[in-house]
Amino acid sequence: MLGTPVFAGVPSVSATGMVLMSPTTTGLLLEATGVSKTYGAVVALKSASLAVQPGEVHALMGANGAGKSTLVKILTGAIRPESGRIAVHGRERTVHSPAEARRSGLVSVYQEPSVIPDLDIRANLRLTETPLEPFRQWVHDLGLKNLDLSRLARRLPLASLRIIDLARALAIEPDVLMLDEMTAALPANLTERVLEVIGLQRGGERSVVFISHRMIEIAAVCDRATVLREGETVGVVDVTAGTEERIVELMLGSIVEGLPERAGETSTPAAGTAAPRLTVRGIAVGQKLRDASFELRSGEVLGVVALEGQGQDELFDVLSGSERPSGGELLVDGKPASFGHPADAIRAGVVYVASDRAEALLMQRSVRENIALPFITRIRRWGPIDLPAERRTVDAAVKRLQIDVRAGNEVRRLSGGNQQKVTIARWVAGGVHVLLCFDPTRGIDILTKQQIYVLLRDLAEAGAGVLLYTSELKEVQLVCDRAVVIFGGRIVKELVGAEADEAQLLRAAYHLRSGAVMPEEAAGAAVESATGDIREAGAPKDEAEIQA
Amino acid sequence: MSAAAVTTERSLSDVLVSPIRRNTWVLALLGLLAVLLVFTKLIQPSYGLAGVQGLGISILPLAFAAVAQAVVVIAGGVDLSIGSVMALTSVIAASLMEGQSDAFGVAVVVGVLLLGVVIGTTNGALVVITRVPDIVVTLAMSFVWAGCALLVRSAPGGAASPWLLNLVIGPFGNPWIPKAAIVLVVIVAIIWIPVARGRFGLSLYAVGSNQLAAFRSGVSIGRTKVLAYALTGLFATLAGLSLTASTSIGTPVPGPYTLESVAAVVLGGVSLAGGRGGVFGPIVAVVVLQIIQNDMTFLNVDPNYALVAQGVILIGVLVFGSVIEIRRARR
Amino acid sequence: SSPAASGGGGSSSQGAKQYTIGYSNGGGVGNGFREEQVCTAKAEAKVSGQVSNLTVIHRNTDAAGQLADIRSLIAKGVNAIVFNPNDPNALNPALAEAHAAGIKTVSVDAYVTDPSTWNLYNNQVKYAELGAKWLFDQLGGKGTVWYTRGLAGHPADSDRDKGFQNILKQYPNIKVVPSKQGVFTGWDPAKATQITNDFISSGQYDHIDGIWASGMGKQIVDAIKAANKPFKPIADADIGGFVSQLLDPTKFPSLKGAAVTNTASVGGAGITLALKLLNGEQVQADPNAGRPNTVLLDPVLVDNLSDASKTQLKAWISVPGMDPLWPLSLSIKGWTTYDANTVPSTCKGA
Amino acid sequence: MSASVRTNQWLSVVGWRGLFRDRPIIPLIGLLGVLIVAIELADPGIVGPEWAGVIVRASVPLAILGGCQTLAMLTGGIDLSVAAVASMSGFVTATLLHSPGGVAQGIIVVLVVAAVAGLLNGIGIGVFRVHPLIMTLGMSFVVLGLANVWQLQNVQTGAGVPDSLRWIGSTTFADVVPYNLLVFIPLTALILVGLRRTGYGRLLYAIGDNPVAARLSGTRAWQVLIVLYVISAVMAAIAGLLISGLTNTASVSLVDASLLPSVAAAVIGGTSILGGRGGFGGTIVGALILTVLTALLTVLGLPEPSRQVLFGAIIVVVAAAYTRVTAET
Ligand SMILES: Nc1ncnc2c1ncn2[C@@H]1O[C@H](COP(=O)(O)OP(=O)(O)OP(=O)(O)O)[C@@H](O)[C@H]1O
Ligand SMILES: Nc1ncnc2c1ncn2[C@@H]1O[C@H](COP(=O)(O)OP(=O)(O)OP(=O)(O)O)[C@@H](O)[C@H]1O
Ligand SMILES: [Mg+2]
Ligand SMILES: [Mg+2]
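Sequence lines, in order, name chains P, C, X and E.
So for the first sequence, our numbering puts the first residue at 1; every next one is plus one.
So for the second sequence, our numbering puts the first residue at 1; every next one is plus one.
So for the third sequence, our numbering puts the first residue at 1; every next one is plus one.
So for the fourth sequence, our numbering puts the first residue at 1; every next one is plus one.
No wet-lab data here; the hints were simulated from the structure.
Don't be surprised by glycine CBs; every beta carbon is placed ideally from N, CA and C.
Do not take every clue at face value.
Stated by the list, open to error - A few chain C residues that don't get close to chain E, going by computed Cβ distances all over 10 Å:
id, residue
1, ARG22
2, ASN23
3, VAL35
4, GLY48
5, LEU96
6, VAL110
7, THR121
8, PRO171
9, GLY222
As the list claims (entries may be wrong) - Derived CB-CB ranges, DEER-like:
id, chain 1, residue 1, chain 2, residue 2, range
10, X, VAL300, E, SER306, 34 to 42 Å
11, P, GLN450, E, LEU274, 32 to 40 Å
12, P, ARG126, C, ILE190, 19 to 27 Å
13, P, ARG126, C, ALA103, 40 to 48 Å
14, C, ARG223, E, LEU274, 17 to 25 Å
15, X, SER179, C, TRP176, 49 to 57 Å
Claimed, not checked - Derived pair list, reagent style DMTMM-like, types lysine to aspartate or glutamate, alpha-carbon separation capped at 20 Å:
id, chain 1, residue 1, chain 2, residue 2
16, X, LYS175, X, ASP209
17, X, LYS180, X, ASP209
18, P, LYS493, P, GLU295
19, X, LYS314, X, ASP248
20, X, LYS225, E, ASP163
21, X, LYS169, X, ASP137
22, X, LYS229, E, ASP175
23, X, LYS46, C, ASP302
24, X, LYS229, E, GLU50
25, X, LYS191, E, ASP256
26, X, LYS126, X, ASP298
27, X, LYS225, X, ASP206
28, X, LYS175, X, ASP137
29, X, LYS310, X, ASP248
30, X, LYS251, E, ASP163
31, P, LYS474, P, GLU502
32, P, LYS474, P, GLU499
33, P, LYS46, P, GLU230
34, X, LYS251, E, ASP175
35, X, LYS225, E, GLU50
36, C, LYS179, X, GLU97
37, P, LYS399, P, ASP458
38, X, LYS180, X, ASP206
39, X, LYS46, X, ASP339
40, P, LYS46, P, GLU82
All chains, full assembly: derive it from the sequences and hints.
Following this line, the structure appears as structure tokens:
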């Protein structure tokens, strides 16, 4: 795919595909066996093993909640296991803290950013004793330009923070680098650069443990994959063409049936004729979003595609009532609407699934309270709750999204994917007119993704309009009827869903003139010119920060 | 746009603008202070040397207390035992120094400062070890330290070494410069600036800003917190010694410094959520509060309405600040 | 009397207001004693006709805070400062500065050690001695006494303790509970009630014969009544609520008690003393005070055992409807010139 | 689709821990029991129905004030104005005793005044986003100042605590059951049910847990906060009336000494000062623990300094043990 190296021929351990805990070959860089961890009644890891050879990129695979993050946290000393052995360079170790792990050569980029929000980047680097020059070099290589080291971290967008996290880890020159869903929050252009950098590590001194739910990324950069299921290592696989199926099978156990190719296959919406649910006319937000106009019809899933910081955040903020537009007009079901608060939007039937779970969930409350939250917000609903009715509604939503609620007393105990489902379930439980989804499948496993696609199509079929921003371009073809591409705060292209393949979308996202076929190698050059375009358009500094 | 060099150089405007942008609140406070001084001169034309000298010595205990509170609040905690620690260290110092030589007095000051560090460390260690929220531990410890102060002496008394009084009372060189102000600025600068510049300072802000991220960045949360409390204990002891120095005695009953220090810290631009602010803002806030107090006297405001006015001003300044903040966020 | 310092502005001293006086009270906002004290100061300043401006600083603070207040009065340039000190020694630096600036200083309700300041206060040692002696005599010199005190560490409390211990030494057969140090109410009505309730419910109340109190007698008596326990002889201060209890045999049958005066009129007396000093008048210091420049106000004890003393108590509470937490003795002979009945109204309009 | 649940829950330590974590009130009650045993050991025979009545009577106002803190803390706030408001309410009611409307009028007036103070708190915190600690601290200055102005206006009206307040605040049924439970039990029921079973109660937790999420779900936090601080102030006023009845005293600073204990009652009761966790049940036990602890120290007859030291030390130990027992993993 995206100009990343083809599978390098790393000597494979075994061609049989699956070996339960491959008998240790000499010179393993990192080896963990029998690692277990429980949280109260929840067993996060039962018996996990991982063996990493020098110079390999090793995928750690598993469905949501399989225990991947837990294993990485244990390996880098962020939490303590109940049992298990960890050996680095063949020597057994107990790691008490990330700082200690780092001294042993183990460094992780965790699923959530680990940058101190109230310190500037320079201070963050000093805190972690990261050498400055290598850091700069890595930041540059990873495609983050014009990073101002004196900016406070809390003022930087999530994607920049992820890149900073990664560059910082690389600058430390670790022996084993663990990346927990590094690419989930990145726009396509940055993902590409990250994969490239990871690919370059292959065959060197350093090993990478790579976690991602995107099979395509695994195929692109990984040599081997360890698969976790329900806290247990169920297999180690050589990644070669065609092993995808095998990995998925291992991940999900016996339950896999053929995953539908296109979630929306069955539906052929009369998109052209249905009444518009949402009409956006000339919406602007300062300099960041300029003159956005489109229609979202009942029964339609409309994709939104953009590189990082092209105005999509502002668009969704305006539509969800979080921010007032500086100009333009909004119609919901043909009636003019003006949202001063998310409550206004919700009242009008326009609901928003935020991408950042930390932003959307009451982490210390139950799944049930989280899902039922929107029902009680209006003053009229402050009185006694009809508990049986609530239970019915919530149970239906939980069932529909197949949420694992065993740790549901407190949402923070759920795995990332299940948390994500809760954020969606909240809106599925009530009736929606317009569903705004901002990267809803971020960090979600392959099966759940399929469920969400089906769900979005179902909702559309039931009459809702769905607006779906996605950073995973493949999704557009899978679920969207149409897609619009935003660049520099403007809508620059509209495509029909079925035709919107990745190449098309990327080209549009970089705002390249159509017609020219983009050779994969030319991506870099394209980036340069795209950057130039933004400059001319006078995009403010914040947005210009991340340009591939 | 070619090499890495371009990407990370700081432009001149960044160097100049960002410290101003980051210290807007403190600068605004300094502005308020200037306005208040002019206002004071207008309502009380005779305001001059005596006023400034009185101001200098008056703010000393609360200023140190505010610095003490600021340190721990920056680290994401809060210390409700500052008033009690001040009382305890102040009675110990005054009791030991009574009728002793100057040299012994110096030894007492050093010893009491060390004790303050021990007290602060105890607070911090309890917070870290018990994992009970800071506010609970320090609230409970405020009873313990106040009780200890009463054990030391049941009534106010003792005496400060004369040199200690001379250290803070009166002018320094120029009659307009109070010694107390010099003492305050020098001590705070000597202790705080190296701390803030060093790795420990970074850790303080890191822990206050986001504990998880700090831990993952290799900061030892426990050690940082304990050290923060130790530093707070040290500054609280300096506040207690200023009490002894300005009143020449030790009082076992804690004064109103705990809550006042929290108020000063918030007024001084330190976020109670941790991770943001510095120690100089709170000092300016203390000066502002004291001048307001003086102006009430000059204006002959009825004491009860003065109390009301104090509450309204406290709220008003913060309402003003957050209205500005909300406006800015809208834009 | 004629103006001493100022350059002969007014020809007649009567009616010519020429002095500005500062008044500092470092604690007890809302406390009956302190509020009444400020009121008497205001009343005296008004009646004297010689005070053009009385600036009152009245807030809850400590000695260092009061130092700041006195310094701001100095910066304001008042002619005299009357204050209720938070500590006998702590204010000395500011008092010296005041003296250097030609400002007269008067300490009321407690003394300070500054040599140039005049002190005028209730004799707290004697307060305790009067009550203790009355109480121990009631018990025939033999029995157990519950010793309830004020605020730990407060100078008045320490003085009272001194007096109590003085008398205790003379009565070897009197036993004190819970200990010789007594129990502290903190002069906090709620805490006093709580302590009494605990004392009663623990059964210890049944074994005592009398109570010595430091101003919280009303709360103690109320708690005893609420618990349906028999009253025991009690010595306390002349607080309105307590004296009413002593005079109400229907609600408080067979309650024997004595009220010792602890007048809050020291505020007004302090103004008088300051004016005397400003006018250059000779002031007679109390030779028995044990310190120079000191005027001691001796307390008196009145019990509810005889008709004569009851008449005296009734006279005290005759000032219409005062707050029950305020002390009753509203004037001091020779030191206050206002009409006692006007004190409450002086406070009106704040 | 992952983790499996442990089966033999009750056999394991983890199981007990889990039980305590889900029902944090159980270890608290155990602790209260320990203190009661201690007091009985220190002074045999003291514990009995009458004693219990006295303890409950003293705990009720503290529990109500702790309830104010609990509600505020659930949203991540705190209410430092409760003491001033409570003192004001007892005091002003007393001064209005001889007004034409009598006690009833007095009570209505103070509840309205308290509600106004709470409203201003709520507006400052909810609309202007002033930190609750500062907003309520400032408000306590304002209320105390104004109450004192009122005191000086009214020294002549003959303040006295109304008999009805004395009855409800200090007397007991059959020498055991305090009448202040007549106020407390309905109030408790209201709060407990309100927190668990009403939309409003849920929103308090939601705002404290994650204000951004609450907002995105359509919660207008300012509405919730204004109502919260009004409720808190009204509860404080009710507590103030009971305290003035209990002590038969009306003073503008009557309740000051209960401010920090009210915070302590809430936090000992397991309410998180950071918001989103806790409840009123724990606070009630917390208030009982503090009251029994004070009684224990009284019974021990220690001098004041040692009592203070012990009081603080025991709170730390209690809170630490509690945290340990209910901790995760
Ligand atoms: N602090 C915690 N308390 C309770 N349970 C937890 C906690 N952290 C994780 N778990 C549980 O442990 C299991 C493994 O979680 P983990 O985060 O490792 O999954 P993951 O494989 O990284 O999933 P995802 O792909 O969704 O990120 C989940 O069932 C989760 O609910
Ligand atoms: N507390 C609750 N728990 C679970 N489901 C609820 C709850 N309250 C409402 N619902 C369900 O959510 C859906 C939408 O509720 P909503 O409050 O919008 O009702 P509504 O009749 O549309 O009100 P309005 O006319 O004011 O918009 C309904 O299907 C209702 O059954
Ligand atoms: Mg994970
Ligand atoms: Mg509806």
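| task | Taking the numbered hints from earlier one at a time, note which ones the structure violates and give those numbers from smallest to largest. | result | When the structure is compared with the hints, none of them turns out to be violated.
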